[in-house]
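There are 2 protein chains.
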Amino acid sequence: MAPPVSPLAPASTPALAPIPGVRFASFAAGIRYKARADLMIAVCDPGTAVGGVLTRSLTASAPVLSCRDHLKGGSGRVLVVNAGNANTFTGRQGVKDVADTCAAAAREFGCKPEEVFVSSTGTIGVRLPAEKILNALPQMKTALSEAAWMDAARAIMTTDTFPKLVTRTAKIGGAPVTINGFCKGSGMIAPDMGTMLAYVFTDAKLSANAVQAMLATGTDKSFNCMTVDSDTSTSDTLLMFATGKAAHDAVTDAGDPRIQDFRAALDELLIEMAQLVARDGEGATKFIEIRVTGAEHDQAAKRIALSIANSPLVKTAIAGEDANWGRIVMAVGKAGERADRDKLAIAIGGVVITRDGEPVPGYDETPVVAHMKGQKIDIDVDVGIAKGKATVWTCDLTHGYIDINGSYRT
Amino acid sequence: MAPPVSPLAPASTPALAPIPGVRFASFAAGIRYKARADLMIAVCDPGTAVGGVLTRSLTASAPVLSCRDHLKGGSGRVLVVNAGNANTFTGRQGVKDVADTCAAAAREFGCKPEEVFVSSTGTIGVRLPAEKILNALPQMKTALSEAAWMDAARAIMTTDTFPKLVTRTAKIGGAPVTINGFCKGSGMIAPDMGTMLAYVFTDAKLSANAVQAMLATGTDKSFNCMTVDSDTSTSDTLLMFATGKAAHDAVTDAGDPRIQDFRAALDELLIEMAQLVARDGEGATKFIEIRVTGAEHDQAAKRIALSIANSPLVKTAIAGEDANWGRIVMAVGKAGERADRDKLAIAIGGVVITRDGEPVPGYDETPVVAHMKGQKIDIDVDVGIAKGKATVWTCDLTHGYIDINGSYRT
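Protein chains in written order, with this note's numbering: chain A, 1 to 410; chain B, 1 to 410.
If you're looking for bench data, these hints aren't it; they were derived computationally from the structure. One thing to keep in mind: the hints can contain errors.
Copies of the same chain are indistinguishable here, so a pair counts whether it falls within one copy or spans any two.
Taking lysine to aspartate or glutamate pairs in the EDC-like style, the calculated list, with each CA pair at most 20 Å apart, reads [said to hold, decoys possible]:
hint: 1; residue 1: K96; residue 2: E358
hint: 2; residue 1: K96; residue 2: D340
hint: 3; residue 1: K245; residue 2: D382
hint: 4; residue 1: K34; residue 2: E365
hint: 5; residue 1: K343; residue 2: E358
hint: 6; residue 1: K387; residue 2: D69
hint: 7; residue 1: K96; residue 2: D342
From a predicted model like this one, the values you see are computed outputs, not experimental measurements.
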């Protein structure tokens, strides 16, 4: 009954090198799924700095509230993630289930409960069978491996059709460092200063403040520029663990020029992760990149781009391979940002369709129709007001989305 | 190829009584459709007051810009509406096409161009063949009829599956007055201080200011509380014409106690019209009423209700008859308004599912599952913060919406 792998999945998945100081284990705990791993832990050595960005939803899950609290300490030792149950809207019991998980993991791995980070995604409003997690921890401890990236990425999947792993390398003070990440998510995706579940690990020697600062700016250019269906999850969580095992001096300031190369690599990695989520959007058949220029400021450009990306009419037209650019005009108009109909220029697949508020004279739709048949759709909108710009990624809206979401619980 | 009539269409359409002072004609002008009327005119006697509410879209259509200008005069003599072409994003030519139409109608019917109101809906970005309208006017003049409500309502339809007509009566100063309205719209529906196309006619003797004031408040409780797909149209237009033929003294102030009964009837009529649009939402199989109470203020309640109504995950779950109330929790959380997870109460079909931030003990889904199989879905959300409340109407999101919008232009 598993849906087929998204046609937009990358042709190959990168092999991730070990990061000194972090090991993984996964386990079929039977929380919701049968015959597959649905529980994952990552255990980091003492001295690992952690930063995170979480959903702004006002009905955030119990694990999100716990992460928010634990991030204050800046030290990350254990990550516990289950798939199939979101532990959201589960009242005091849900809060207790997270606390019990943190306490048990702290005992098992010799750290403080505040150094344990828990994430859960899946059905909302059903009690998490936390005892299944507690019972699994001792077994999982014996199975920890530096190499188990792929199994870890698979264990956190819900409606995802492929595991999402990304890797980059950079140099800090001449020393090589590695940044690895994996994430999940394909529906209820419209991150608001957070994301679905995404985890980044590096051996760089960074303070928690530096990690936090880099994540916050990096998220704004990656996960916060991506949407599947405009529905912001209650569980969005991005955490980054820096084990500090690399051979360079400690960096405590995100503005330090020594980590310029690292920051660029991290930004790239976050963007690639965000794009992988859009490529696995529920029912997706087209990956869409929307570039808006000429807006009043960057934030305005982003709002216009998201208005296009979240428009069901734009998304269904693309699913139908219809170059219906009038719907892009509509979405620009409803965004609420300054726009001037008579300066608006729209291009699809690099072909300029409108300029100065009208279709260009002699507009020939043929190359645009050909572009619409491809898997990657490029939309460029110049608002013609000022210099604000933004790029946003999304996918089309198809019958597959309706199929998946008409019967998710059953 | 016409889609079947919405299963949510009313069992019968009311017969509308004539309104003294207004006559209609419709005509198959071949603007886009074949073998059906796609052009409608209404001609009002001298002395008719007009008010209107228009889209706030920043890429509003040429006819909307013209209506905005002409509303300043407060006098309405001719209404010209075509279906199939939105005359939106058509540059200076589009503006000229509207001006030419106003000039021609003014000549034909002996009024000023500023007393002519034009509306167009349909495809965006294609030049309107205005000469087809100009050529039709003389013939249409000979066909004007006080009784032709149904034909008028049919001529303005695009993807609508049924004509939408509503009638009310009221008394002003003891004299009976009639209020008739018709409207169209089933996609690109998320009115923002306007609506799709909706026209109201009354024989009440009202000043343009009074009409305008009543429309503005009435719209906020009706069309602005309705959404199909969150996509705000570039053409939303609501106009109300008051011919002044009724046997009561003129009323110039919307606050006048003599028109209390009239206002109540008008509000009812606007709500019924808005509900008819939601009932004809593209692909709709369920009509959904969402009542939010206990919010910080009424505007916050409306934002929360619209967040639920526009959530593709909520709408697809309802299409699948899945009582997935966790998605309502998600939509409350993403609305950005004050909410307290631990006070949130949700009921579907009158059955309380959650209270105090948890499922109610012993929650039995059976009656809710039965309710989900019906055509009218009732959702009640109490936020538990203060006294703000709002009611919003929408429809579900089905394969039909994808079918209709994947190939609208072809």
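Against the structure, the hints:
Proximity of K96 to E358 under the C-alpha cut-off of 20 Å is restricted to the inter-copy arrangement: shortest distance 13 Å between copies versus 60 Å within a copy. With identical chains, the CA atoms of K96 and D340 are at most 20 Å apart between copies only, with a shortest distance of 18 Å across copies and 53 Å within one. Within a single copy, K245 and D382 get their C-alpha atoms no closer than 46 Å, and across copies no closer than 51 Å, so neither meets the 20 Å cut-off. In this assembly of identical chains, K34 and E365 lie within 20 Å of each other by CA distance neither inside one copy nor across copies; the values are 49 Å within and 24 Å between.
Proximity of K343 and E358 under a CA criterion of 20 Å is satisfied intra-copy only: 9 Å inside one chain copy versus 51 Å between copies. When the C-alpha separation of K387 and D69 is checked against a cutoff of 20 Å, the pair qualifies neither within a copy, at 39 Å, nor between copies, at 31 Å. In this assembly of identical chains, the alpha carbons of K96 and D342 lie at most 20 Å apart only when taken from different copies (14 Å versus 58 Å within one copy).
Taken one by one, the earlier hints fail for this structure at numbers 3, 4, 6, listed in ascending order.
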